[in-house]
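Once you've looked at the hints, dock chain V against the given chain X.
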Amino acid sequence: MTRVIHKFTRKIPEWRPRLVPVKLEEATAEQLDALKVTPSNTKVSDYVLTLAHDVESLSVRSPLFNAIMYDRGGMSREERELGALAASMVNRCIYCAAVHADRHAKLAKDESVTDELFANGENADLSPRNRAIFDFARKAAEAPPSAGPEDIDKLSKVGLSDEEIFDLILSSALFGWANRLMHVLGDPVSRREAI
Amino acid sequence: MNISALTILTQAGVAPDSALSSVVSMRDNIIGMTQAAEEAVLRPKETGAFPHGLRAAIATRVARLAGDEPLAAYYLADAGHYAELSVPGEPGSQHQELAAILSFVDKVANQTRDAAAEDISGLRMAGVADADIVRLCELVAFLAFQIRVISGLRLMNGKSA
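Going line by line, the protein sequences match chains X and V. Number 190 in the working numbering belongs to position 190 of the first sequence; there are no gaps in the numbering. Number 65 in the working numbering belongs to position 65 of the second sequence; there are no gaps in the numbering.
A couple of the hints might just be wrong.
Said to hold, decoys possible - Label pairs and their calculated CB-CB ranges: (1) V:A100 x X:S76: 18 to 28 Å; (2) X:G148 x V:S93: 34 to 44 Å; (3) X:D125 x V:R124: 43 to 53 Å.
Said to hold, decoys possible - Derived pair list, reagent style PhoX-like, types lysine-lysine, alpha-carbon separation capped at 25 Å: (4) X:K139 x V:K45; (5) X:K7 x X:K106; (6) V:K45 x X:K23; (7) X:K36 x V:K45; (8) V:K107 x X:K7; (9) X:K157 x V:K159; (10) X:K154 x V:K159; (11) X:K109 x X:K11.
Note that these hints are calculated values from the structure, not bench results. Ideal placement from N, C-alpha and C gives every residue a C-beta, glycine not left out.
Here chain X stands alone, though its shape is the one from the complex:
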C-alpha cells in the first residue's frame, strides 16, 4: 500500500507519475542519449523517463539544472538549496522540498534550519542572512513574482555579493520550473515498507 504525502518532510518520498513514462526498451536513440543510458548505467528514474516524452527539453534541462545548483563560485551550495526549498514550499512541491531540505541539512550539517522552516513556514526563526535569502526566494517564487527592490537591498545588507544574489535568483527560479514538473506530473508517495 502506498499513500500520497501532503505534509512537508525531509524523508524523501517515492515519486509516482500521473501518466505513463517512456519505456526504456522502446526509447529512441535521442531519448537514450538524453537519459544518459549506457551499458553500465541502466537505472533511470520514472521522473526522468516521464520527462523523456519531451526529449528536446530534457536534453537541455539536465545540464542547466546541474550548472545552477553545482557550478563552482558564487553562492554556496547550501544557500542555493535554501533558495530551491523556498520555491518548493511556495508551490507545495512535497517531493522537491524533501530532496532539497535533506540536501540543505547535509551540506549545513544542521537540521535545525529546515526543521524550523517546516514547523513555522515563512514565520520561521532564521539567522538574518538565511532570513534575507529565504524571503527573497519565497517572494520571487510567488505567481506573479512579488520580490521588490527592498528584498534585494536586504540581501546586500546581510553581506551577499552581486554574484551570490544572481545565483540565488537562478536557484529559486529553477524551482519555479522543477516544481511545475514534479508537483504537476506526479504524486509523492510513501515508500513501500520492506517485506
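Frame of chain X, contents of chain V only:
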C-alpha cells in the same frame, strides 16, 4: 557572448560592458543554456500537438499572467493566428477545442500548488496524449523560470543604476 540574442539579458535591460553584465558573465554557460531551453520549448523540431505559433501564444499568456508585458510582447510577435489565445480567459469559438489546455496552462502557471491528479486525468480524458502533457508542462515550467530570472535581473539592474 552576444547579449542581443539572449532573451533574459535583453528583457532585463542588461547593457553590454555594464557592471551587471560582468556579474552575470560568471554564469555565461547558464545564460547560454537558458536560451537553448527557450528554443527547445518554443521552437522545437518535434512540436507534438503544439505548433510554434500556439506555443508563442501560450508563452504570451503566461507572461501576461505574471504581469510581464514586455516579455508578453516579445512572444506575441510569433503567435500568428493563435494571437487571440494570448489573452487570459476563455478562447473564442475558433479555438474552443483548446479550452481545457488553456485552463490547465493558467493553473500550472499561477496556481501551481493547487495542481492535482484530476488536472492530468482531465487532459487525458480530453484526448491529450501523455507526451503532449509533458510538452505543455515543460513549456509553462520553463516560462516560470525565465520570468523569474528576468524579474530578478531587473531588480539587480535597478539597484546598480
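Structure-based check of each hint:
1. V:A100 x X:S76: 18 to 28 Å: Hint violated: Cβ distance 44 Å, outside 18 to 28 Å.
2. X:G148 x V:S93: 34 to 44 Å: holds (41 Å)
3. X:D125 x V:R124: 43 to 53 Å: With Cβ atoms ~44 Å apart, the hint holds.
4. X:K139 x V:K45: Given pair X:K139, V:K45 is violated - Cα atoms ~35 Å apart, limit 25 Å.
5. X:K7 x X:K106: Holds, at about 21 Å.
6. V:K45 x X:K23: holds (22 Å)
7. X:K36 x V:K45: Since the Cα atoms of X:K36 and V:K45 sit roughly 21 Å apart, the hinted pair holds (cutoff 25 Å).
8. V:K107 x X:K7: Cα-Cα ~21 Å, so holds.
9. X:K157 x V:K159: holds (13 Å)
10. X:K154 x V:K159: holds (12 Å)
11. X:K109 x X:K11: holds (16 Å)
Checked against the numbered hints given earlier, this structure breaks hints 1, 4; the rest are met.
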